[in-house]
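Those protein sequences? They're chains A and B, same order as listed. First residue of the first sequence? That's 1244 in the working numbering, and the numbers climb one at a time after it. First residue of the second sequence? That's 48 in the working numbering, and the numbers climb one at a time after it.
Among the hints, erroneous ones may be present.
Unchecked claim - Pairs of lysine-lysine, DSSO-like flavour, derived with a Cα cap of 27 Å:
1. B:124 to A:1287
2. A:1270 to B:96
3. B:124 to A:1270
Calculated from the structure, these hints are not laboratory results.
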Amino acid sequence: NAGVMQNPRHLVRRRGQEARLRCSPMKGHSHVYWYRQLPEEGLKFMVYLQKENIIDESGMPKERFSAEFPKEGPSILRIQQVVRGDSAAYFCASSPGSGERETQYFGPGTRLLVL
Amino acid sequence: AQSVAQPEDQVNVAEGNPLTVKCTYSVSGNPYLFWYVQYPNRGLQFLLKYITGDNLVKGSYGFEAEFNKSQTSFHLKKPSALVSDSALYFCAVRGGGGYNKLIFGAGTRLAVHP
C-alpha cells in the first residue's frame, strides 16, 4: 500500500528558473494539501486541492506560486522565477475525505535549493 | 483564530525514563488535535489524534497523549523513552472555518540519551 509519493526528492534551481514539484496521493485519496517548511521552522499551510479544484489557497504567496490537481496525474506545485527565499522543504499530504476528523498523511517532501 | 504552542524547543530525556512533550492550543469550536513525528530529512509520520471521546489517546510506537480541555493542552507522553524516539515532534490543530488545513506548532526536538 504505497504512501504519498513526491518527486523529485531534491531539486536545485538557479534564481529565475522554474521549479515543478509533484505529488501523488495515497491510493483512494482525492484531497491534497501542500505545506512549506523553512529551515528550523514548523510547517506552514499553502494550498488545499481536490481533483480539478482549488479549495483553499489562503497560504499561497500571491505571485509566482501556483498549484493544480488535474483529473488525471499528480498534483503539481509550480514556482516561477525562483528566488533564494524559496529554498525550503515542500511537503504534500493527502486524505481520503474532507471531514475535520480525517488524518492527513504526508509524503517525504521535496527539498528545493535555490542558488 | 486557531493556534498551537509548543513551549519547549528541546526536551532531553534519559533512555528508559518517561517523556512528555508539551502542546497547548487555542481554538474556536471543537478541537481536532494531532501529533506528528519527523525524522531527519524525512516527511512527517502520523502518531495520533484527538477527535472526541476518551481524553487519553493511544497512538503508534507506544506514544499516547492526554487531552485536557480546562488547560487547553494536548501533551504527548511515553512511559519509557527509547534512543530511537529522538526526533522532531509537531503538534497540530485543524484550521477550522470549514477548511481542512493543519496549523502546526514550531516543533519540539526530543533527544533521548543512552
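Cross-check of the supplied hints:
For a cut-off of 27 Å, the pair hint linking residue 124 of chain B to residue 1287 of chain A stands: about 25 Å separates their Cα positions. Of the supplied pair hints, the one linking residue 1270 of chain A and residue 96 of chain B holds, its CA atoms being roughly 22 Å apart against a limit of 27 Å. Between residue 124 of chain B and residue 1270 of chain A the CA atoms are separated by roughly 32 Å; this puts the pair beyond 27 Å, and the hint is violated.
The earlier numbered hint that this structure contradicts is number 3, and it is the only one.
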